[in-house]
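Chemist: So you can see what is in the structure, the chains are spelled out below.
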Amino acid sequence: MLSHLPVLQVILPLLGAPACLILGRGKLAWLFALLISALSFCIAAMLLHTVYHQGVISYALGGWQAPWGIEYRIDLLNAWLLLIVSGSSTVALLAAQSSIDVEIAPEKQTIFFVAWLLCLAGLLGILATGDAFNVFVFLEVSSLSTYTLISLGPKRESLWAAFRYLIMGTIGATFILIGIGLMYIMTGTLNMQDLAQRLPLASDSSTVFTAYAFIIVGISLKLALFPLHLWLPNAYTHAPSIVTTFLAASATKVALYLMIRFTYTVFPSHFSQIDIPLEEIFIVLGITGVISASIAAIYQADVKRAIAYSSVAQVGYMVVGLGIGGVLGLQATLLHVFNHALMKATLFMALAAIACRIGVTTLTSMQGLGRKMPWTSFGFVVGGLSIIGVPLTAGFISKWYLVSAAALSDRWLLVLLIMIGSLLAIVYIWRVVEALYFKPAADSTPLKEAPLAMLLALWLLVFGNIYFGIDTRLPVSISAEAAIALQEGRP
Amino acid sequence: MTLLMSHYNYWIVVALMMVGFFIVIAQGNLVKKIVGLNIFQTSVFILYISAGKIHGGSAPILNDSITVYSNPLPHVLILTAIVVGIATTALGLALVIRINKAYGTIEESEIQQRDHSC
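Chains A and B, in that order, give the protein sequences. Once you know that position 209 of the first sequence is 209 in the numbering used here, the rest is easy, because the numbers rise by one and skip nothing. Take the position in the second sequence, starting the count at 1, then add 1000; the result is the number in the numbering used here.
This list has only true hints and no planted wrong ones.
Quick list of in silico lysine to aspartate or glutamate cross-link-like pairs, EDC-like style, CA-CA up to 16 Å: (1) B/Lys1101 to A/Glu157; (2) A/Lys372 to A/Glu434; (3) B/Lys1032 to B/Glu1107; (4) A/Lys372 to A/Asp443; (5) A/Lys155 to B/Asp1115; (6) B/Lys1032 to B/Glu1108.
Covered by chain B, per the in silico footprint, the following chain A stretches (three or more residues, Cβ under 8 Å): (7) 131–144; (8) 178–187.
If you are wondering where the hints come from, they were derived from the structure by calculation, not from laboratory data. These numbers were taken from a predicted model, which means no experiment stands behind them. Cβ atoms here follow ideal geometry from the backbone N, Cα and C, with glycine treated the same way.
Using the sequences and the hints, build the whole thing.
Modeler: Here you go:
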């Protein structure tokens, strides 16, 4: 049983989805989805524990040994991300029923949970697998269910946002497919470990370089890296609130994982024929994304849209860490993956709670909510402080590591720009805080505080933000070891 | 010239890819966008399948008289990719139907106009 954990991690939500459809009927589907997600989280925690103490787990699917069969390979990097993704899914599902009761018609709620579980299965599959083609299949499983989830949004704009994401997402996935095909043509293998051994032999061929380029561009589309981020603000704004909470905490992280995996594990560290400043490209695109998306966030009338733009900015920080490279840069990225999942889930969860009570999330409609919904509002403030990077919140830790990594590599302009990014975050968070606490309410009708399940999920996240801002042992030690392992694995 | 002729399968792939990609970008009609997306995906299918072909190679059936086999693995991979492509097309068209109901049009420019006017 224990030796089958790597595959159970993926199979459980994958089989849970049709089972959820058969179970049907409102609350039962929700409880079942929550149970499956919580079990996935437990499996992820057990996997992380095993990998941390005993090293890499390799699981041959159906007993067919790699490189012929499909291998599931769990190392510290993807065990860490499995925990983040299954954790954010569980916390979001906890609040899901209360949120979709307001936003989604009762007859569609079962489908909603089916799509959710499929999306979870896809995301976990991308993380667990050690086979390049398997990555593409799971990528499409998660993407197709994500389009469905987004299109369930309350307004008709959600359909248009889902369609645009479908076009962009499919182009991105097809680019990745082209890249994998070119790699296969050059090496005759699809197993990532096998590819890592064989690709250096062909690294003077421009085909391998083209494969890498296709894969990176395809992943950047899914990651919403500037300037390929245009689908994200629309998709996040118009999706059902709770779906945004889940996607913001998981989907971009999984894309970033793929970027790290292909850059560090699969491809040779340098291409002998083509000399391209990859680090500089990552840093410039990342920091441009940080600044431009933060400025865009300041001018949004809808808070949900502003926070969606903030997601693009945060992805920028992660890619900057990847560009700086080295153990410290990688560690900063991995820390930010975890911390950003925490803080973005907090912010979107608070917005979901607000949308649940007043129906919209525009800045003007949120005036005076600080008194009417004190617990929700305060949760938003803590999430906001974390985004800015105030000490004693999780956001501070990753910003600190990112700035140290930039300073140690003598990139002082970059340090300055990261600081400016944080200042811009203060501006777009402050606008919301001002509306919540310092503007009079438009009308004095009393509002009920958010439903208990949502408050519980929100305060779990708030607690996480503060706890991991103070006691950083767990994320710091895991990200450090994962970064070292990646750096050593690089030929 | 030899480069052109000996790799003609790749040239077809590149041409189809560009045609499909261009349709997705240039066409405002949502159904046509999906058609473009399909052509784009099909080009990748041909890339895989043509790479698996070996001149004079046979289908992978064990027989003493056959010595050269074509690689069957790309076919299997692309079978999966075709299924994914069909699912994407179906979902895309379903969304187009819903968009048509909600907006009364499937032209990109008109949809954007209606979103901004209200």
